[in-house]
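Please model the entire structure based on the sequences and the hints provided.
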Amino acid sequence: MSNYRPIPSDDFEDPPFSPWRIKAREYTRRSAVVRRVIAIAASLAFAVPLFLLLAYVREDRPRPLSENIVHPHNTSLDSDIVTFTSLSASSSLSASLSAPPPASTSLPSSNHTSHDPVVFSLIMWSTDSAREGAILMKSIIMYTSAPVEFHIICDPDARVYLERRLNLVHHPRHNVLVRYYHVTWDAMIARLKREGAVVSDHSAGTPGLMKLFIHEILPLSVKKSIFIDTDTFFISDPTLLWEHFKSIPSNVAVSMPSHPEMMAPEWHNANRICSCIMLLNLERLREIRLMDSSVYRSDPQGPPAFSPPAFHAMFGPPGPQGHYEGVKLGDQGYWWAIINHDPEIFQHLSYDWEVSSCLLDMYMTGLGHDDATESEELAIQIHTYATPHQGQVILPKLVHFNCLDESPLYYEWHGWQDPNNGLNQRWGAAVRYHIGWKWLWLNQGSNETVITTEIVENAGFLDELLSNTLPATSS
4 MSNYRPIPSD DFEDPPFSPW RIKAREYTRR SAVVRRVIAI AASLAFAVPL FLLLAYVRED
64 RPRPLSENIV HPHNTSLDSD IVTFTSLSAS SSLSASLSAP PPASTSLPSS NHTSHDPVVF
124 SLIMWSTDSA REGAILMKSI IMYTSAPVEF HIICDPDARV YLERRLNLVH HPRHNVLVRY
184 YHVTWDAMIA RLKREGAVVS DHSAGTPGLM KLFIHEILPL SVKKSIFIDT DTFFISDPTL
244 LWEHFKSIPS NVAVSMPSHP EMMAPEWHNA NRICSCIMLL NLERLREIRL MDSSVYRSDP
304 QGPPAFSPPA FHAMFGPPGP QGHYEGVKLG DQGYWWAIIN HDPEIFQHLS YDWEVSSCLL
364 DMYMTGLGHD DATESEELAI QIHTYATPHQ GQVILPKLVH FNCLDESPLY YEWHGWQDPN
424 NGLNQRWGAA VRYHIGWKWL WLNQGSNETV ITTEIVENAG FLDELLSNTL PATSS
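For the sequence shown, the residue numbers in our numbering are 4 to 478.
For the record, the hints were derived by calculation from the structure and aren't laboratory data. Hints are not guaranteed to be accurate.
What the hints assert, rightly or not - Derived pair list, reagent style EDC-like, types lysine to aspartate or glutamate, alpha-carbon separation capped at 16 Å:
hint : residue 1 : residue 2
1    : LYS227    : ASP119
2    : LYS226    : GLU290
3    : LYS249    : GLU290
4    : LYS227    : GLU246
5    : LYS441    : ASP119
Okay, here's the thing in structure tokens:
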């Protein structure tokens, strides 16, 4: 039997009084003037907060990206063509621009809490380099909590490969600027000749040496950047790395991981640093004129280049061929000479950002045992004794798969197929996850967040800009 009592029909015709009905009857008994005043007051009470809310939303809304972007250094070159592409849900716009140098691009944030863009400078010369670098870029877009700028020194083949992936992303969580700098092979060789004595025996070759000239290729408006080798990817928010700049004194030009315990006399101990990841104070590097040039040597008003005394101190004078001899590990050998000569321009960077498979065995960190304690991690950790991190747990934030030389691409290394391989057991799942993560899945933002791409054709070097202001220079 139902416990619900039927309601008599006459209850609908003559319902009992309620507080609301009593107030309504009192309102109808008031004069028309009083009722009109009450109605106007109620309308204002509703309309004013609504107006203020709409005004706040309009003010807080991200502003569109500037389209007037060109490279600021190459005003003396004849073929400065910048391609601008803004990706959105409705269209893909591509236009060629030629204009005077602009200010730095301002990227609006996708949320109410604004944050400066996290700026990366990358080098990708060849399709294989871009294939690795694309995974690094993907991980940055995956994990970032702020807008991102990519300044990529590359050849056209690398750009084409990257664009095919980036074209799949229309609305990332935060705005992304990708600017490609096409530096020709001849331009790189000419810059090394103006330096006079720098060569490389490393597999990265001439493009790898451009890590010493990033501050000359990027525009003056880019004052600092993070450089990372392409055989890496993030497993944490890149903004955490960017925040390290706040603790770097203004006199410091570069921060990278250092290993004072390592010894390799045949390399001049250049393995004591890793130029695989660097926080670059580009403004400071320009100020000290890091790398020499015939243009700088012809400039009586400017300071002498910073590096020649450092190179002479470590390698001696250039040999019969006019080059420094015995320099190992490519650009890293030169960076080590610079830092060793003047430690004041250097600051150590945490090993959390250099979990490397080469020489360091990833410090024996790896996936699994998710409830491990600090003492348990320290018990298996290696390669931290007599380092700045002795007794500290390494917390991986960026992983670096170098020295996997059997394949030109680290993720095609045969060890990833070997279930008994220790590196595969500890990190193979992370590699497969980041390789397999679809670019399409990066569309996690609103309709207002976009990827903007630009191309700087025939990108040049800062010393060329100075040469135009001198009465006579040798090139």
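>> When the structure is checked against the list of hints, which entries are broken? Sort them ascending.
In response: 3 and 5
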